[in-house]
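Listed below are the residues making up each chain.
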Amino acid sequence: MTGPSGDYWELYVSKTALPAWREGHAGERSDTQTYFDLLQLPFMIVSALWSSIVFPLLRVVALLPFAVVRGRRSRAVRIEAVNTFPTREVLLWTTTDGLVEGVLDDIVAGLAAGKVVQPVGAVYSGAQRD
Amino acid sequence: MRILPRLKAFARDGVPLHDLGSVRGVGSDAYDLVDGLPRGPARVAAWNAYVLQTYGDKLIAASETTERVAVDTAHVAGAAYQLAGMCLDCARQLATEGAEASLANVPDALPHWHTPIRSHEQLVGMRETLEALRIYAAFDLQTFPADDPSTVAMLELLAAVDADLATVDLLWIRRPPAELRGGIGDVLTRGLDKAFELGRLLADRRS
Chain H
24 MTGPSGDYWE LYVSKTALPA WREGHAGERS DTQTYFDLLQ LPFMIVSALW
74 SSIVFPLLRV VALLPFAVVR GRRSRAVRIE AVNTFPTREV LLWTTTDGLV
124 EGVLDDIVAG LAAGKVVQPV GAVYSGAQRD
Chain Y
29 MRILPRLKAF ARDGVPLHDL GSVRGVGSDA YDLVDGLPRG PARVAAWNAY
79 VLQTYGDKLI AASETTERVA VDTAHVAGAA YQLAGMCLDC ARQLATEGAE
129 ASLANVPDAL PHWHTPIRSH EQLVGMRETL EALRIYAAFD LQTFPADDPS
179 TVAMLELLAA VDADLATVDL LWIRRPPAEL RGGIGDVLTR GLDKAFELGR
229 LLADRRS
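Just so you know, the protein sequences line up as chains H and Y, in that order.
Its first residue numbered 24, the first sequence is counted upward by one per residue in this note's numbering.
Its first residue numbered 29, the second sequence is counted upward by one per residue in this note's numbering.
Simulated from the structure, these hints should not be mistaken for laboratory data.
Any given hint might turn out to be false.
[To be verified] Restraint-style ranges between C-beta atoms, simulated for each label pair:
1) H:R95 <-> Y:D60: 43 to 53 Å
2) H:V92 <-> Y:H148: 32 to 42 Å
3) H:T39 <-> Y:G49: 58 to 68 Å
4) Y:H140 <-> H:G29: 34 to 44 Å
5) Y:F167 <-> H:Q151: 27 to 37 Å
6) Y:D232 <-> H:L87: 50 to 60 Å
Ideal Cβ placement from N, Cα and C applies to all residues, glycine included.
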């Protein structure tokens, strides 16, 4: 849906909170290291790939089944409004499965009017910007 | 014997309940005293003691085990018990010495949590406290004429407490995630502050 200032929001409703993508710190150069050794380059590339892709991916794959099971056992529902331009911004509300339709209507009406609403049957957790 | 809750309490580094033993009973007379005093400063202090003692007792009662409680629960319940004892002493002083004693040492708010997310047991304790205070205040409010302007203001405060309880009812589910527990905790905290204030107004009101 589109807000009054032209900002485009995508709304996602789900019962599962996906595990966060958390990158490690391997491969970062320390401030005290002033020289650059060419022999270290392959190790640095492997280390960077490990910490920024392989390790976070393994972590997500390992935690995903638990997140899905937890979501299916709970009556809680997450509503995320995502705006990707000019910077990615995610607004999160949490409600229950019996109230989700009314809460979703309130959120859509609010965003259409350029407001971030806080419906009675939901908890607004705030905005997350990348 | 419930093994799982006891293991969870140990894993969470809970506080042995007997550590609170010395302060738990300090304010227990508050349950009777608040009804026995005429409206005025002494009753305000007794109301404070009643609220704080109720809060501490409900938080402890809502814990999963009878031997240990979570660290933050023990912290808030312990503070509530200590303040209840102070309020009770003040109420007795005011009842016997009248104007010579003062309400200066009586707290005007409940002890608050230092973390944003409440556990399910803490929410149960807070909710039961709010329901108990709401019932007491609503019953007390019935003794005043409904058309009096100050009664109208207090009825509005009671309606706000009811609205908070209704919001909690809407959000109350089994296994709530942290986001929902945080929101319920905020609503309950606001409701408790309102009920506390309503009781103080009622206790100080002259008919």
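*Hints not upheld, ascending by number*: 2, 3, 5
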